[in-house]
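Asker: Construct the complete structure from the given sequences, taking the supplied hints into account.
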Amino acid sequence: MLMCRELAGIASDYIDGELSTGRRLSVQMHLMMCRHCRSFIGNLRASTELLRGHSSARVEQSVIDRINHCVTEALSHRPEAPDADPDSDR
Amino acid sequence: MNAHPDLDESRLVEALKRGEQAAFTEAVSTYTAGMLAVARYYVDPANAEEIVQDCWVTVIDAIRRFEGRSGLKTWLHRIVANRCKNQLRTSHREITTDFSERLEPELDSRFKASGRWATPPKLRFDESADALLENGALSDCLDKHLGHLPENQRSALILYEAHQHKSDDVCNILDVSASNLRVMLHRARQKIFLMVETFQETGEC
Ligand SMILES: [Zn+2]
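As you go down the protein sequences, you meet chains F and H in turn. Our numbering puts the first residue of the first sequence at 1108, with every later residue one more than the last. Our numbering puts the first residue of the second sequence at 180, with every later residue one more than the last.
Treat the hints loosely; a few may be bogus.
[Claimed, not checked] Partner residues are not named here, just some residues of chain H that face chain F (Cβ under 8 Å, in silico):
#	residue
1	Leu195
2	Gly198
3	Val207
4	Arg281
5	Pro300
[Claimed, not checked] Some chain F residues close to chain H (C-beta under 8 Å, calculated; not the full set):
#	residue
6	Ser1127
7	Ser1146
8	Phe1147
I should point out that these hints are in silico values taken from the structure, not numbers from a laboratory. In this text the structure is predicted, and so the values were computed from the model without any measurement. Where a beta carbon is used, it is the ideal one built from N, C-alpha and C, also for glycine.
Answerer: Set out below in structure tokens:
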């Protein structure tokens, strides 16, 4: 019988569908009986989902500006691009 | 949200191939965050910025060889990862990703010896994640805690969650085994969970 602590250890694998069938079934059995673990899984999933809507790893505009400046410089010093690229593996 | 993200991407790629400056400006602001997340997994933040900047300059020419099999984002992330790995190879720095425990100590202490909860999760999230994020203070708190995650956990979480990469891609970009990735993701998620729980309960970050 799967205990709460053990379930907490594999909760992400359950959320991501990475458990074997047997393991998944024992998690589901446990969740039917244990509201604390239901709550844990629900909360863990919701916390993770926060990242999807979140502008994760926000970058300071100054960094973007610096890179853009560099790219602009490089673009302006670039010779005319040849039509066919000899390195292409096409 | 664009209804045809693929079309949008191929339009951008064509413009990049033509060397249009506006396209580079757009691409830099769209993709730099993810590229930095990759670089910071391997090197310190100052170095990471430099590497990402170098990569963008490389992209000016390399983009002509891009064929679109992997998607622009994945391609860019791989370029950054490869450059970091090359640099590490020359400086002989080893990346350690050894996690023996799957549970965060703070969470682990909330179980009885029997393996049942002693201090169960305190809250239920009845709100959707979107509704939670509308709380600006929580969003700031999330920023702060993401900043405090170990680099490798944060990169794994950001690539997997925010950039929606498949596990295989993340393993490839970060050069980790599937099982190490699982542990990194889980450790990072537990920390975010503990952060949100504290925030919901106390309003403090
Ligand atoms: Zn339980």
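Asker: Each hint should be assessed against the structure and marked as holding or not.
Answerer: Checked hints:
Residue-level restraint check for H:Leu195 is violated (minimum Cβ-Cβ distance to chain F is 10 Å; threshold 8 Å). For H:Gly198, the suggested interface contact is upheld, since its CB lies about 6 Å from the closest CB of chain F, less than 8 Å. Of the supplied interface hints, the one on H:Val207 holds, with its beta-carbon coming within about 5 Å of a beta-carbon of chain F, less than 8 Å. A cut of 8 Å between beta carbons decides the hint on H:Arg281: the least distance to chain F is about 4 Å, and the hint holds.
With a least beta-carbon distance of about 5 Å to chain F, the hint placing H:Pro300 at the interface is held under the 8 Å criterion. The beta carbon of F:Ser1127 comes no nearer than 13 Å to any beta carbon in chain H, farther than 8 Å, and the hint placing it at the interface is violated. Because the smallest distance between the Cβ of F:Ser1146 and any Cβ of chain H comes to about 5 Å, under 8 Å, the interface hint for this residue holds. Interface hint at F:Phe1147: satisfied, since its Cβ lies 5 Å from the closest Cβ of chain H, which is below the 8 Å cut-off.
Going down the numbered hints, you'll see the structure goes against 1 and 6, while the others check out.
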